[in-house]
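Chains as they are written, first to last, in our numbering: chain A, 1 to 471; chain B, 1 to 471.
Careful: at least some of the hints might be erroneous.
[Unchecked claim] Heads up, simulated PhoX-like pairs for lysine-lysine below, C-alpha to C-alpha not over 20 Å straight-line:
{"id": "1", "chain 1": "B", "residue 1": "K156", "chain 2": "A", "residue 2": "K262"}
{"id": "2", "chain 1": "A", "residue 1": "K41", "chain 2": "B", "residue 2": "K156"}
{"id": "3", "chain 1": "A", "residue 1": "K154", "chain 2": "B", "residue 2": "K34"}
{"id": "4", "chain 1": "B", "residue 1": "K156", "chain 2": "A", "residue 2": "K31"}
{"id": "5", "chain 1": "A", "residue 1": "K409", "chain 2": "B", "residue 2": "K312"}
{"id": "6", "chain 1": "B", "residue 1": "K41", "chain 2": "A", "residue 2": "K156"}
{"id": "7", "chain 1": "A", "residue 1": "K254", "chain 2": "B", "residue 2": "K262"}
{"id": "8", "chain 1": "B", "residue 1": "K154", "chain 2": "A", "residue 2": "K31"}
{"id": "9", "chain 1": "B", "residue 1": "K40", "chain 2": "A", "residue 2": "K156"}
{"id": "10", "chain 1": "B", "residue 1": "K328", "chain 2": "B", "residue 2": "K312"}
{"id": "11", "chain 1": "A", "residue 1": "K44", "chain 2": "B", "residue 2": "K154"}
{"id": "12", "chain 1": "B", "residue 1": "K156", "chain 2": "A", "residue 2": "K34"}
{"id": "13", "chain 1": "B", "residue 1": "K262", "chain 2": "A", "residue 2": "K156"}
{"id": "14", "chain 1": "B", "residue 1": "K40", "chain 2": "A", "residue 2": "K154"}
{"id": "15", "chain 1": "B", "residue 1": "K44", "chain 2": "A", "residue 2": "K156"}
{"id": "16", "chain 1": "A", "residue 1": "K312", "chain 2": "A", "residue 2": "K254"}
{"id": "17", "chain 1": "A", "residue 1": "K40", "chain 2": "B", "residue 2": "K154"}
{"id": "18", "chain 1": "B", "residue 1": "K333", "chain 2": "B", "residue 2": "K366"}
{"id": "19", "chain 1": "B", "residue 1": "K41", "chain 2": "A", "residue 2": "K154"}
{"id": "20", "chain 1": "A", "residue 1": "K44", "chain 2": "B", "residue 2": "K156"}
{"id": "21", "chain 1": "A", "residue 1": "K40", "chain 2": "B", "residue 2": "K156"}
{"id": "22", "chain 1": "B", "residue 1": "K262", "chain 2": "A", "residue 2": "K262"}
{"id": "23", "chain 1": "A", "residue 1": "K288", "chain 2": "A", "residue 2": "K154"}
{"id": "24", "chain 1": "A", "residue 1": "K156", "chain 2": "B", "residue 2": "K34"}
{"id": "25", "chain 1": "A", "residue 1": "K409", "chain 2": "A", "residue 2": "K262"}
{"id": "26", "chain 1": "B", "residue 1": "K154", "chain 2": "A", "residue 2": "K41"}
{"id": "27", "chain 1": "A", "residue 1": "K34", "chain 2": "B", "residue 2": "K154"}
{"id": "28", "chain 1": "A", "residue 1": "K262", "chain 2": "B", "residue 2": "K254"}
{"id": "29", "chain 1": "B", "residue 1": "K409", "chain 2": "B", "residue 2": "K359"}
{"id": "30", "chain 1": "A", "residue 1": "K154", "chain 2": "B", "residue 2": "K44"}
{"id": "31", "chain 1": "A", "residue 1": "K156", "chain 2": "B", "residue 2": "K31"}
[What the hints assert, rightly or not] Here are some chain B residues the structure puts well away from chain A; computed CB gaps all over 12 Å:
{"id": "32", "residue": "L18"}
{"id": "33", "residue": "L115"}
{"id": "34", "residue": "S124"}
{"id": "35", "residue": "Q244"}
[Claimed, not checked] Beta-carbon label-pair distances, calculated as ranges:
{"id": "36", "chain 1": "B", "residue 1": "D180", "chain 2": "A", "residue 2": "L16", "range": "47 to 57 Å"}
{"id": "37", "chain 1": "A", "residue 1": "L141", "chain 2": "B", "residue 2": "R48", "range": "16 to 26 Å"}
{"id": "38", "chain 1": "B", "residue 1": "K156", "chain 2": "A", "residue 2": "L141", "range": "34 to 44 Å"}
{"id": "39", "chain 1": "B", "residue 1": "M107", "chain 2": "A", "residue 2": "A32", "range": "15 to 25 Å"}
Worth flagging that the hints you see were computed from the coordinates, not collected in a lab. Ideal Cβ positions, reconstructed from N, Cα and C, are used throughout, including at glycine.
Number of protein chains: 2
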Amino acid sequence: MATEKNSNGYEGLLPLCLRWLKPIFAKLSNKAVKLATMTKKLAKDDSRRVVHAFKVGLAISLVSLLYYFKALYDGFGTSTMWAIVTVIVVDEFSVGGTLGRGLNRVMATLLAGGLGFGAHYLASLGGDTGRPIILAFFVFLLASISTFTRFFPKIKARYDYGMLIFILTFCMVSLSGYRDDEIAKLALSRILTILIGCCFTLFVCIFVRPVWAGTDLHCLVANNIQSLALFFQGFGAEFFRLSQEEVSKDDMQKYRTILNSKSNEESLTNLARWEPRHGKFRYRHPWKQYLKIGSLNRECAYRLELLNGYLKTNQFQMPSQQIHGPFKEECMKICSESSRGLRELALALRKMVLPLTAKSHIEKAKVAAEDLKSHLEEWRFEEVNNAMEIVQVVSLASLLFDTICCIEKIVDSVQELASMAGFKAVEVQSSVAPEQQMDLQDQDQYSLQPSHGAAVLLAHHAITIDEQSPC
Amino acid sequence: MATEKNSNGYEGLLPLCLRWLKPIFAKLSNKAVKLATMTKKLAKDDSRRVVHAFKVGLAISLVSLLYYFKALYDGFGTSTMWAIVTVIVVDEFSVGGTLGRGLNRVMATLLAGGLGFGAHYLASLGGDTGRPIILAFFVFLLASISTFTRFFPKIKARYDYGMLIFILTFCMVSLSGYRDDEIAKLALSRILTILIGCCFTLFVCIFVRPVWAGTDLHCLVANNIQSLALFFQGFGAEFFRLSQEEVSKDDMQKYRTILNSKSNEESLTNLARWEPRHGKFRYRHPWKQYLKIGSLNRECAYRLELLNGYLKTNQFQMPSQQIHGPFKEECMKICSESSRGLRELALALRKMVLPLTAKSHIEKAKVAAEDLKSHLEEWRFEEVNNAMEIVQVVSLASLLFDTICCIEKIVDSVQELASMAGFKAVEVQSSVAPEQQMDLQDQDQYSLQPSHGAAVLLAHHAITIDEQSPC
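Isolated chain A (complex conformation) (with noise of 0.2 Å):
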């Protein structure tokens, strides 16, 4: 009786821990799969980020022989982790970010060293009952300056990691002198152990498939060009229920990302100031106009987003046939030109030459809105019924010939970008009619040309300048 209750006790006891570990096995299944799937992505969407993290990994592998060979690892003794810190702490993804904040941790650890010095030497004069009170006066003090330091906006977009070495470097030494003679030592393979780590991690940032934050910047504000376009590209059929859909609606919704650009572009921009020569740009590139270009793009893209509320809303009647006609004429004119000339302007910047064609397009563009208004003005109202059936139709074109304003101070900028840049004169040799050119970049013909200052040369030999893009 006891046995059987026994064995059936151990028989219910097995199912009910099963029942207990299902769900929790099946969440656990469920969390390993969604982190699967979100690492996948991540992985897809740029696969730069793989690289970067094995390169982390083989710069810290490289530096970590430091500790195998004892040859090396007696010269600096513990020190010796110092290399492996800076390694790890000034690694960044991109060239930029690695070598703003090595020169930051450089910098900031010579500069703080030789205080942290002058502060142990001045402690000592003052006996042992005031060597720890002008110590802790120093402390204090270069502390709080420093933590205050770091709210000035151009100290922290590029030096506040170097104002946080500073004073962690100078605490370290004035303060490690109070208890250690030997901090000449201390203080010197420090430096040395940080200048090991910091060639190391340069080294395989730079040498091993680099990402140039510049570079970046470039492409990016190129590409939030392209996505205007594309928005216009697909507006007009859209708005007027065609059949044929030229763009997709996710394309067309690329726009919304330039909303909440700014801190992007300006982080990129503060990295690619510190990065060296590489591919087309040189050291001084104007780094600072893409910000400006950006700026631009985000007020055209605000309009944007009010040109959506159109394609979103049903409450949008279409008009009756006599404004319905001229309107729709010059507002799929607006829209494809417009698209024409960024999708041009897009594909200049990221070529690297300069948009020769771009700007008639929107001056095209600019005429369509100009006949449009006029045509407002020749309508005789009385043939419309209703007010409100040319409400939507005014409002409307006054938004696209805002935008268009808009647009051409995007043009004027990339120009401006690309005197500054001396970018080189190109002329378009679209192989295809207008109509086709549905993906410019993969289409077009450039012909590289000498430039002479602003001029722009005809073209002679056409060569295919691709494979020169930095994008």
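Following the hints, complete the assembly by docking chain B onto the known chain A.
Coordinates of chain B only, in the frame set by chain A:
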């Protein structure tokens, strides 16, 4: 002759030097003045920055006591440095930032310390040859994985620093173990000194004039709503060029900071989630709802950016009387009601009470907008000579209507927040006429009542709750 020349030469050298140094001194003094102005401005804009700088100085000075007292120093030896380093890298502006970094540091150190031990033990099984290979493999693997993990958006937002410290500590423990057999002691003193450093930092951070990221976020969102209100308060008068100037131009432009507020709001939300109960905010305050309100604020600000365009351009021609009359009346009503509704919403959010009357103001604005729409429909267009005369009126009306829909969503999401966070129901007892309600936050009296769910009770006893506002 020679002496004369010499003396002439000396006489010539001194002025030469002075002439040389003068512009340098002028430049330096110019820079110094600029620096002083900037410092003064930074300190004046937010006096908590100065307090923070002194707090960091204080925390470092306190923790450096470990160095000055021999009994304390002897316990940890050179590991004492980790306490200093911890204070410097963990001490952030807000309590949330400090807590987040501190927890990240402690947890990552514990976890990586344990794993480092494990790796050390496994490597020691490999013999003299296998040891460095096994160690290098572990270091490479964990460094790569943890670096890639930092690309996950959720981890980047909250555990980025932890991942850095994880790989740092793992390398430290496992590699030190290769050279030093006393790693148990090393790991223990590292953990203890980090804990001590965190305790000192948190003590100073929380008990000396704490800065709460949650409160900052709450006030930022409330202020942004207030900025939207200020724009509407001034827009009507500015647009119709009325002499009375209700709001200064600078106040009207405050909405522009909302356009790029996303990253700031996101980082504050991430910090606020670390914070314990403080003031009127409990531990699990619905911080994420602020992101929703913030994003609606931005959508509204995009529209304000266009409305602002109507003020800037001088293109706008005042329409003739038959349009102007009713248009102006409705327009002014829309602006004043929107402004009032938004102001009451901002005030309610500031005081953390249910926004009871905001919705009704927005409803009134919507009614006015509908009236305007029907007015537009009723107009006989034959009365109007020039179609362009009404083009801008119509597009402005359409934009205003669109904006009101946006404001309505803001009101709804704030009400959602109020019910999620259990704001109390409070009746506005305005003691001034609506026209005089220039600055609600200074003049209004609120009556606090017990709330029964979402039900609103009438006021019985009125108390001023100004001192309870977290902003």
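Tested hints:
Of the supplied pair hints, the one linking K156 of chain B and K262 of chain A holds, its CA atoms being roughly 19 Å apart against a limit of 20 Å. Between K41 of chain A and K156 of chain B the alpha-carbon distance is near 16 Å, which keeps this suggested pair within the 20 Å criterion. Simply put, K154 of chain A and K34 of chain B have alpha-carbon atoms about 13 Å apart, close enough for the 20 Å limit, and the pair holds. Between K156 of chain B and K31 of chain A the alpha-carbon distance is near 18 Å, which keeps this suggested pair within the 20 Å criterion.
Distance check on the hinted pair: K409 of chain A and K312 of chain B sit about 16 Å apart at the alpha-carbon level, within 20 Å; holds. As the CA atoms of K41 of chain B and K156 of chain A are separated by approximately 16 Å, the hinted pair is consistent with the 20 Å bound. Using a Cα cut-off of 20 Å, the hinted pair K254 of chain A and K262 of chain B holds, with the two alpha carbons roughly 18 Å apart. Among the hinted pairs, K154 of chain B with K31 of chain A is consistent with the structure: their alpha-carbon atoms are about 14 Å apart, no more than 20 Å.
Proposed proximity of K40 of chain B and K156 of chain A is supported: the alpha carbons are some 17 Å apart, at most 20 Å. A threshold of 20 Å between alpha carbons decides the hint, and for K328 of chain B with K312 of chain B the separation of about 19 Å falls inside it, so the pair holds. Proposed proximity of K44 of chain A and K154 of chain B is supported: the alpha carbons are some 18 Å apart, at most 20 Å. Distance check on the hinted pair: K156 of chain B and K34 of chain A sit about 17 Å apart at the alpha-carbon level, within 20 Å; holds.
A distance of roughly 19 Å separates the Cα atoms of K262 of chain B and K156 of chain A; the hinted pair therefore holds under the 20 Å criterion. With a C-alpha separation of about 16 Å, the suggested pairing of K40 of chain B with K154 of chain A holds against the 20 Å cut-off. Taking the CA atoms of K44 of chain B and K156 of chain A, the gap is near 18 Å; set against the 20 Å cutoff, the hint holds. In summary, the hint linking K312 of chain A to K254 of chain A is supported, as the alpha carbons are separated by about 15 Å, within the 20 Å threshold.
In summary, the hint linking K40 of chain A to K154 of chain B is supported, as the alpha carbons are separated by about 16 Å, within the 20 Å threshold. At roughly 10 Å between alpha-carbon atoms, K333 of chain B and K366 of chain B fall within 20 Å of each other, so this suggested pair holds. This hinted pair checks out: K41 of chain B and K154 of chain A have alpha carbons roughly 14 Å apart, not beyond 20 Å. Of the pairs offered as hints, the one joining K44 of chain A and K156 of chain B holds, with about 18 Å between alpha carbons and a cut-off of 20 Å not exceeded.
A hinted pair counts as satisfied when its Cα atoms are at most 20 Å apart, and K40 of chain A with K156 of chain B qualifies at roughly 17 Å. At most 20 Å may separate the alpha-carbon atoms for a hinted pair to count; K262 of chain B and K262 of chain A meet this at roughly 9 Å. Under the criterion of a C-alpha separation no larger than 20 Å, the hint pairing K288 of chain A with K154 of chain A is consistent with the structure, at around 14 Å. In summary, the hint linking K156 of chain A to K34 of chain B is supported, as the alpha carbons are separated by about 17 Å, within the 20 Å threshold.
Taken as a hint, the K409 of chain A and K262 of chain A pair is honoured in the structure, with Cα atoms around 18 Å apart against an allowance of 20 Å. For a cut-off of 20 Å, the pair hint linking K154 of chain B to K41 of chain A stands: about 14 Å separates their Cα positions. A threshold of 20 Å between alpha carbons decides the hint, and for K34 of chain A with K154 of chain B the separation of about 13 Å falls inside it, so the pair holds. The suggested pairing of K262 of chain A with K254 of chain B holds, with an alpha-carbon distance near 18 Å, which does not exceed 20 Å.
Among the hinted pairs, K409 of chain B with K359 of chain B is consistent with the structure: their alpha-carbon atoms are about 10 Å apart, no more than 20 Å. Between K154 of chain A and K44 of chain B, the direct Cα distance comes to roughly 18 Å. Compliance with the 20 Å bound is thereby established for this hinted pair. The suggested pairing of K156 of chain A with K31 of chain B holds, with an alpha-carbon distance near 18 Å, which does not exceed 20 Å. The claim that L18 of chain B lies off the interface holds: its Cβ sits roughly 31 Å from the closest Cβ of chain A, which is beyond the 12 Å cut-off.
Against chain A, the non-interface label of L115 of chain B holds: every CB pair exceeds 12 Å, the least being about 15 Å. With 12 Å as the threshold on Cβ separation, the claim that S124 of chain B sits away from chain A holds: the shortest Cβ distance comes to roughly 14 Å. The beta carbon of Q244 of chain B is kept farther than 12 Å from every beta carbon of chain A, the shortest such distance being approximately 28 Å. Checking the proposed 47 to 57 Å range against D180 of chain B and L16 of chain A shows it holds: the Cβ atoms sit about 50 Å from each other.
A beta carbon spacing of about 20 Å between L141 of chain A and R48 of chain B agrees with the range 16 to 26 Å that was offered as a hint. Our hint of 34 to 44 Å for K156 of chain B and L141 of chain A holds, since their Cβ atoms are close to 35 Å apart. Here the CB-CB span from M107 of chain B to A32 of chain A is close to 22 Å, well matched to the stated 15 to 25 Å.
Hint compliance for this structure: every hint is met.
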